[in-house]
Amino acid sequence: MKDRAIYLLGERILPGESKIVEVEIAKLHTMTKLKVPIIIERSKIDGPVVLFSAGLHGDEINGTEIVRQIIRRKINKPKCGTIICIPIINIFGFVNQSRQFPDGRDLNRVFPGSKTGSLASRFAHFLVKEIVPLLDYAVDFHAGGASRFNAPQIRIVQNNTELKELAKVFKAPFTLYSKNISGSFRSVCTKLGVKMLLFEGGKSLDLNTEITQEGIDGAKRFLFHLDMLNPKKDADFTVDPTLFIEKSNWIRAQYSGLFIGLTKTGSYVTKGDVLATISDPFGKVEHKVKAPNSGYIINANDGAIVYQGDAIFHISTQLENE
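Under the numbering used here, think of the first position of the sequence shown as 1, with each following residue one higher.
Quick caveat, the hints were computed from the structure, so don't treat them as lab data.
What follows is a list of derived Cβ distance ranges for each label pair: (1) Val95 x Gly309: 26 to 34 Å; (2) Lys115 x Ser279: 50 to 58 Å; (3) Tyr7 x Glu210: 33 to 41 Å.
C-beta atoms are modelled at their ideal positions from N, C-alpha and C, and glycine is treated no differently.
Could you put the whole structure together from the sequences, leaning on the hints where they help?
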């Protein structure tokens, strides 16, 4: 008889079992152990294996909150198959409220990693060797960095019909076509045959209830599509279809100064609309930032001060089929 168990770090997880496997990659400089909990829920019925993960960047805590609530609300108890949740991948960055690992490296740029490499590289190697081979699907939750607030959005590569269908099912307000970045978790998952959606929403070191709910609702629709959603949970399909954005541009500050944004992320603007002002602190000069084209604002800088050349708004320039 075929062994239907899943094995992770020597732990045997049978159908119908729930288990938390704690992974210790390294200790703090104080010799304090830091462990990464991996929460596994298996149905007695065979089905796909899905990963919900967050915290690749330790300061992107809104993604952690989404996965936490998926667990808290028992959405991770599947009708069939297996759901693996990792609320915080970069536990070191989370402790330090930092994007990077303590070695200064961006974990999301060192995949597939190395068993004998840097600390970040070793953890990437663990994920690739121990977690990724178990998976069929994954949703990785992120947030905007450097005070930039992302409208809730899914990112996928273009010309992949299966990922496009999954993005339609997830129904985030926006879906952006973006290439896989070399060394990223998404890139290595794609190469190894895992179908991954990357969710972006909110900003670093911030919790936003609307972003959290978008992520939770999308996860439920995703599981319903795979026939994995617990029958006790409902998925809301009444929301508007996702808007596929083929092309977009960053609007950059032409001046340095105090930045006052006047436009809500996710809103549609018309060419020439005033999006923000940039002023000197002495009351002499105030510059208006105007929309260079009509489109949706999918990211906005929430910083109070900007410098010339800073990215301040991300605006769509072409929707699919326009």
